[in-house]
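Engineer: For reference, the chains in residue letters:
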Amino acid sequence: MAAATSFNFDTANLQNLTEMKDIQEAYDLLCKEESKIAEEIDDLLDHQTNLESKMSSLYRSVPNLQVVSSDAKQLGSMVSFTSDLAENVSGKVRQLDLAKGRVQDAIQRVNDVLDLKFCTDGVQTALQSEDYEKAAGHIHRYLSLDEKVLKQITPDSKEGGSVDVALHVLQDAKLNLTKIVREKFDIALQTADRASVERFFKIFPLLGLHDEGLEKFSKYLKSQIADRCQEQLAQAATLDPADRRAAVVYADTLTILFEDVGKVVEIHQPLVETYYGPGRLLQLIQWLQAECDKQASKIVDDFIKHREFNVKSRQVQAFLHRGGGRSSTTHERLDPRDLDVMLAECTLLNSRTEMYLRFIRNRVMNDLESVDEDDKTRGNKTADLEKLLRECLLSRRIQELIGNYIVMEEYFMRESVTKAESMDSLEQGSHTSSMVDDIFFILKKCTKRAISSGSVDCACALLNHTTTILEGDYQEKLYSKLRAGFPSGSFDVAQAYSMLQQGRFPTSSSDTNAAKLEFMTTLNNIEVSLEYIQSLKRSLTEECAALLSQNKDVGKDKLESCLNDLGAVTHKFKDVLDVSTFYVNLIADNKFNGMQMVQYGLSQLSTSAIKPRLKPWVENFLSVNHNITEDEFSMYEANDPFVQNFIMNLEQLLAEFKDFMTASNYDALVSLVTNEVTTQLEQTVLRSVFNRLGGLHFDKELRSLVTYLTSVTQWTIRDKFARLTQMATILNLERVAEILDYWGQNSGPLTWRLTPTEVRQVLSLRVDFRSEDIKRLKL
Amino acid sequence: MEDYKYLFKVVLIGNAGVGKTCLVRRFTQGLFPPGQGATIGVDFMIKTVEIGGDKVKLQVWDTAGQERFRSITQSYYHSADALVLVYDITSRESFNSLPGWVKEVEQYASRKIISVLVGNKLDLHTEREITVEEGNSCAESHNMRFLETSAKDADNVDRLFLDIAVELTNNVRNVEIKNGPIEEEIRDHGSVQGCCR
Ligand SMILES: Nc1nc2c(ncn2[C@@H]2O[C@H](COP(=O)(O)OP(=O)(O)OP(=O)(O)O)[C@@H](O)[C@H]2O)c(=O)[nH]1
Ligand SMILES: [Mg+2]
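So the protein lines, in turn, are chains U and Y.
Those letters in the first sequence? Residues 1 to 779, by this note's numbering.
Those letters in the second sequence? Residues 1001 to 1197, by this note's numbering.
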């Protein structure tokens, strides 16, 4: 039994047990085992009755099973009998069906023969009465007959039999009719007889000449398109230059051509579908596009000729190949304004073309999808369509045009930017100079125009150029002005403005006031530019909305990537500058992320205009005794010898700049000044001595200063004063050991910004503290 | 945030028909496209690779070689981190056009760009018109690295792009060293793995 084997009591050792305790243990174990086994036996006995009743019920079922077996056999034989029977019956039905089919075929043949007779008679009379539609109808019926079968089933199928004669007659009639229809169609074509053209166009498919009919018809449509386009071009050539549409006349002419082709498709597609069946549009379009290409090419030629497109393009290329030639004189340069109008028409030519090609694609795709074809055939046709759209002469000519457009638009943009820079001026009361608004206006205008061309690649190209200009020339221009630094000395505003000539900064002047004004203006220009870059990106993204929704996948990815690069220029402004080499520690907080150029500018400002002026004011602190009596303390309270003056000086300093800075630059300046004040003041405090009352007074001085600075900026100041405030706390202690109430475990919410060494240093400023006590402190 | 540490732009240029599109497709999709047409404007594909434990995203701009798209192509030079200039070793004409391309690059690209000269269609070596030595010395004279590839047989294609990715990554890391902990330079491809986007 399982229980016995699991019982690991060693019976052999039982004899060797001598200790009473061991024996008792062994006995207990055995007892436990016994009761367990007893339980198991009871359990098994309980099951016995159950098992017995099951056995007896099984015995009772045995006879039943024998009956079931014989029943099953009987059922089997019945099923196979039925199946044989059914097989028999259905065989007969099949034979009947076959017979019926043959009878139908026979009837069909008889009908065919009758039809043949009918057609033979009918076609001749129809031809005689020039009822070509009817004649063609008969021939169509004849063509649908199976000639071979007809010859087999009729007994006189040998040469000269009646069926054979009939077939000959019809054959002749077909040739005859084809000849007539061709002739008549050509005449109709020459006389531009629209009704006849459409009449015979419908007869071709009845004669099984679908391709020929469609091709002839497309010739007619092509000549119509060509005629109208020539008319339009002639009109364009003689259009009064003062006309409202004169500036875009070639775009208009191209548009009319596209509309004509579109109309032709619109009107004739249902006709083609009815008489020639669906799925033939691609073929028709291929023929029509050849004409569209030819006419569009003529329009482009005229555009190039009359707008002097190539001449201008070559001028721009030559200029660019001289290496951007800043040195080239103005008279050999092309005035950007001469390009403006032509560039706009250029984008219009492209956007109209894109629209037309989209229309054609949709139409043909719909037609292809309406036919039930296997995927491969349809795939091939779709590829044919895409190839046609991509490589047709129209596409190539327009791509060429846009290629040259991009070069000229870039030139236009760069030249206009250069001009805006050279005409830069500052109006009194304005924080930024004119060039910022002007340049961003130009960038937006040009890129917007490129986007309006409807070409993703063209839009991307100009987005790229915009990014390049901002990252390159523009940034360098601003940066170089900052690099010159902020001249030291005081700042006379009236004097500065008087130096400006019609708002322009003097190019070479020893006047430091004007230089200072320019420096601060540059700082503002940069700050505003950062904002403008983001809003430029936003508005150009909006301009791209249509393009983004029309172009899935790659087109969308490309646009988004180029737009993102533009947005990232803000970061690049900082990349160029290795800020770490400048006074990073002077720079306020980290709020200026991505604005290091501004920070660099401010640090320049700080070095020359702020640090040196603060220094003597802070030094004044030393001339005020902080080891004082009660009387002196109350005297100080009534009439403060340091901080009032200091605040007044700060006020004056900040006021000098406030009017010339944008709000956020001013805040940055206050922050910078605060940093400088705290740094210098800290050093100065460490050079003073204090007693308790002096410490108390210092605390008051500090509070006044914090209150003042807090009142002039949006930013929080208190944190910058953390170290000084903690120094004041220390200088205010009653006893040396009192510091322990604030230190370590007792510091509570206070985070110490001073190191233990610094704490000792500050404690030692107190004349009344003994240095042994300070040394003994455990910090 | 997207899942990569560095993003680099690689721009392919060179005459029409030298196999730029095939190289890009081979690298990004692992296939040799049968009978695809000439590129119109620029095409754009992305592949993320792992370089020394960091995900590096390569943005590959496949430009059209045909003259009428030149101004579109040029607009991408400035922001490119690497340029791949491709010719066809069975076409003297494509090789002779290289100086023109180099001149364009010098005019538009930023100075710190990495450029690689690639002689493609290595599998057609029986029809070779340009020797390895010629290719090599052309690359040397323009300060470019040099490689012969076959987009068809996948010869050197991964190596071309991965070398670029490794070099660019090392360059960025060297800049970062100034501000952060020094990372070890990657010298071989042992730690380089391709992975799809
Ligand atoms: N034998 C061989 N043929 C190649 C190879 N690479 C490309 N080809 C063929 O060269 C032709 C042109 O290849 P593409 O990749 O389209 O050339 P591309 O440089 O992109 O041309 P554009 O887009 O017009 O600038 C195609 O027929 C390719 O099959 C190669 O490595 N070996
Ligand atoms: Mg290509």
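I should point out that these hints are in silico values taken from the structure, not numbers from a laboratory.
No experiment lies behind these values; they were computed from the predicted model shown.
Fair warning: there could be bad hints in the mix.
[What the hints assert, rightly or not] Subject to a maximum C-alpha distance of 35 angstroms in a straight line, what follows is the list of computed DSBU-like cross-link-like pairs (lysine-lysine):
{"no.": "1", "chain 1": "Y", "residue 1": "K1103", "chain 2": "U", "residue 2": "K419"}
{"no.": "2", "chain 1": "U", "residue 1": "K477", "chain 2": "Y", "residue 2": "K1152"}
{"no.": "3", "chain 1": "U", "residue 1": "K312", "chain 2": "Y", "residue 2": "K1103"}
{"no.": "4", "chain 1": "U", "residue 1": "K552", "chain 2": "Y", "residue 2": "K1152"}
{"no.": "5", "chain 1": "U", "residue 1": "K312", "chain 2": "Y", "residue 2": "K1055"}
{"no.": "6", "chain 1": "U", "residue 1": "K444", "chain 2": "Y", "residue 2": "K1005"}
{"no.": "7", "chain 1": "U", "residue 1": "K481", "chain 2": "Y", "residue 2": "K1009"}
{"no.": "8", "chain 1": "Y", "residue 1": "K1055", "chain 2": "U", "residue 2": "K552"}
{"no.": "9", "chain 1": "U", "residue 1": "K179", "chain 2": "U", "residue 2": "K202"}
{"no.": "10", "chain 1": "Y", "residue 1": "K1112", "chain 2": "U", "residue 2": "K419"}
{"no.": "11", "chain 1": "Y", "residue 1": "K1112", "chain 2": "U", "residue 2": "K700"}
{"no.": "12", "chain 1": "U", "residue 1": "K445", "chain 2": "Y", "residue 2": "K1057"}
{"no.": "13", "chain 1": "Y", "residue 1": "K1055", "chain 2": "U", "residue 2": "K700"}
{"no.": "14", "chain 1": "Y", "residue 1": "K1103", "chain 2": "U", "residue 2": "K381"}
{"no.": "15", "chain 1": "U", "residue 1": "K202", "chain 2": "U", "residue 2": "K134"}
{"no.": "16", "chain 1": "Y", "residue 1": "K1005", "chain 2": "U", "residue 2": "K134"}
{"no.": "17", "chain 1": "Y", "residue 1": "K1103", "chain 2": "U", "residue 2": "K387"}
{"no.": "18", "chain 1": "U", "residue 1": "K419", "chain 2": "Y", "residue 2": "K1057"}
{"no.": "19", "chain 1": "U", "residue 1": "K481", "chain 2": "Y", "residue 2": "K1112"}
{"no.": "20", "chain 1": "Y", "residue 1": "K1009", "chain 2": "U", "residue 2": "K448"}
{"no.": "21", "chain 1": "U", "residue 1": "K54", "chain 2": "Y", "residue 2": "K1152"}
{"no.": "22", "chain 1": "U", "residue 1": "K448", "chain 2": "Y", "residue 2": "K1005"}
{"no.": "23", "chain 1": "Y", "residue 1": "K1005", "chain 2": "U", "residue 2": "K376"}
{"no.": "24", "chain 1": "U", "residue 1": "K184", "chain 2": "Y", "residue 2": "K1005"}
{"no.": "25", "chain 1": "U", "residue 1": "K445", "chain 2": "Y", "residue 2": "K1103"}
{"no.": "26", "chain 1": "Y", "residue 1": "K1152", "chain 2": "U", "residue 2": "K444"}
{"no.": "27", "chain 1": "U", "residue 1": "K387", "chain 2": "Y", "residue 2": "K1005"}
{"no.": "28", "chain 1": "U", "residue 1": "K444", "chain 2": "Y", "residue 2": "K1057"}
{"no.": "29", "chain 1": "U", "residue 1": "K477", "chain 2": "Y", "residue 2": "K1009"}
[Claimed, not checked] The calculated label-pair distances, taken between Cβ atoms and stated as ranges, are:
{"no.": "30", "chain 1": "Y", "residue 1": "P1034", "chain 2": "U", "residue 2": "K294", "range": "40 to 46 angstroms"}
{"no.": "31", "chain 1": "U", "residue 1": "E215", "chain 2": "Y", "residue 2": "G1017", "range": "32 to 38 angstroms"}
{"no.": "32", "chain 1": "U", "residue 1": "K294", "chain 2": "Y", "residue 2": "N1174", "range": "21 to 27 angstroms"}
{"no.": "33", "chain 1": "U", "residue 1": "D105", "chain 2": "Y", "residue 2": "G1017", "range": "21 to 27 angstroms"}
{"no.": "34", "chain 1": "U", "residue 1": "S430", "chain 2": "Y", "residue 2": "E1067", "range": "36 to 42 angstroms"}
{"no.": "35", "chain 1": "Y", "residue 1": "P1034", "chain 2": "U", "residue 2": "V341", "range": "54 to 60 angstroms"}
{"no.": "36", "chain 1": "U", "residue 1": "D335", "chain 2": "Y", "residue 2": "N1174", "range": "23 to 29 angstroms"}
Each residue gets a CB set at the ideal place from its N, CA and C atoms; glycine is no exception.
Engineer: Now tell me, hint by hint, if it's right for this structure.
Structural biologist: Tested hints:
Taken as a hint, the Y/K1103 and U/K419 pair is honoured in the structure, with Cα atoms around 28 angstroms apart against an allowance of 35 angstroms. Distance restraint check for U/K477 and Y/K1152: the Cα-Cα separation of roughly 48 angstroms exceeds the 35 angstroms cut-off, and the hinted pair is therefore not satisfied. Only pairs whose Cα atoms come within 35 angstroms are accepted, and U/K312 paired with Y/K1103 is accepted, the gap being roughly 23 angstroms. Distance hint between U/K552 and Y/K1152 is fulfilled; the C-alpha atoms sit about 29 angstroms from each other, no more than 35 angstroms.
With a CA separation close to 47 angstroms, the supplied pair U/K312 and Y/K1055 exceeds the 35 angstroms bound. Restraint check: the Cα-Cα separation between U/K444 and Y/K1005 comes to about 32 angstroms, which is no more than 35 angstroms; the hinted pair holds. For the given pair, U/K481 sits about 31 angstroms from Y/K1009 by alpha-carbon distance, which is consistent with the 35 angstroms threshold. For the suggested pair Y/K1055 and U/K552, the alpha carbons sit about 26 angstroms apart, so the restraint of at most 35 angstroms is met.
Of the supplied pair hints, the one linking U/K179 and U/K202 holds, its CA atoms being roughly 15 angstroms apart against a limit of 35 angstroms. Simply put, Y/K1112 and U/K419 have alpha-carbon atoms about 29 angstroms apart, close enough for the 35 angstroms limit, and the pair holds. Restraint check for Y/K1112 and U/K700: the C-alpha separation of about 57 angstroms exceeds 35 angstroms, so the hint is violated. The hinted pair formed by U/K445 and Y/K1057 meets the criterion: a straight-line CA distance of about 33 angstroms does not exceed 35 angstroms.
The straight-line distance between the Cα atoms of Y/K1055 and U/K700 is roughly 56 angstroms, outside the 35 angstroms bound, and the hint therefore fails. Restraint check for Y/K1103 and U/K381: the C-alpha separation of about 42 angstroms exceeds 35 angstroms, so the hint is violated. A distance of roughly 12 angstroms separates the Cα atoms of U/K202 and U/K134; the hinted pair therefore holds under the 35 angstroms criterion. A hinted pair counts as satisfied when its Cα atoms are at most 35 angstroms apart, and Y/K1005 with U/K134 does not qualify at roughly 77 angstroms.
Simply put, Y/K1103 and U/K387 have alpha-carbon atoms about 33 angstroms apart, close enough for the 35 angstroms limit, and the pair holds. Between U/K419 and Y/K1057, the direct Cα distance comes to roughly 39 angstroms. Violation of the 35 angstroms bound is thereby established for this hinted pair. Between U/K481 and Y/K1112 the CA atoms are separated by roughly 25 angstroms; this keeps the pair inside 35 angstroms, and the hint holds. Distance restraint check for Y/K1009 and U/K448: the Cα-Cα separation of roughly 25 angstroms lies within the 35 angstroms cut-off, and the hinted pair is therefore satisfied.
For the suggested pair U/K54 and Y/K1152, the alpha carbons sit about 78 angstroms apart, so the restraint of at most 35 angstroms is broken. Under the criterion of a C-alpha separation no larger than 35 angstroms, the hint pairing U/K448 with Y/K1005 is consistent with the structure, at around 33 angstroms. Distance hint between Y/K1005 and U/K376 is unfulfilled; the C-alpha atoms sit about 43 angstroms from each other, more than 35 angstroms. This hinted pair does not check out: U/K184 and Y/K1005 have alpha carbons roughly 74 angstroms apart, beyond 35 angstroms.
Between U/K445 and Y/K1103 the CA atoms are separated by roughly 30 angstroms; this keeps the pair inside 35 angstroms, and the hint holds. Taken as a hint, the Y/K1152 and U/K444 pair is broken in the structure, with Cα atoms around 44 angstroms apart against an allowance of 35 angstroms. Taking the CA atoms of U/K387 and Y/K1005, the gap is near 40 angstroms; set against the 35 angstroms cutoff, the hint is violated. Distance check on the hinted pair: U/K444 and Y/K1057 sit about 30 angstroms apart at the alpha-carbon level, within 35 angstroms; holds.
Restraint check: the Cα-Cα separation between U/K477 and Y/K1009 comes to about 26 angstroms, which is no more than 35 angstroms; the hinted pair holds. At about 33 angstroms, the beta-carbon gap between Y/P1034 and U/K294 misses the expected band of 40 to 46 angstroms. Between U/E215 and Y/G1017 the CB atoms are about 34 angstroms apart, so this pair conforms to the stated range of 32 to 38 angstroms. Between U/K294 and Y/N1174 the CB atoms are about 59 angstroms apart, so this pair departs from the stated range of 21 to 27 angstroms.
Against the hinted window of 21 to 27 angstroms, the Cβ-Cβ separation of U/D105 and Y/G1017 comes to about 60 angstroms, which falls outside the hint. The beta-carbon spacing between U/S430 and Y/E1067, approximately 47 angstroms, falls outside the hinted interval of 36 to 42 angstroms. In this structure the supplied range 54 to 60 angstroms is violated for Y/P1034 paired with U/V341, their Cβ-Cβ distance being about 46 angstroms. A C-beta distance of roughly 47 angstroms is found between U/D335 and Y/N1174, which places it outside the suggested range of 23 to 29 angstroms.
When the structure is compared with the earlier hints, violations turn up for hints 2, 5, 11, 13, 14, 16, 18, 21, 23, 24, 26, 27, 30, 32, 33, 34, 35 and 36 and for no others.
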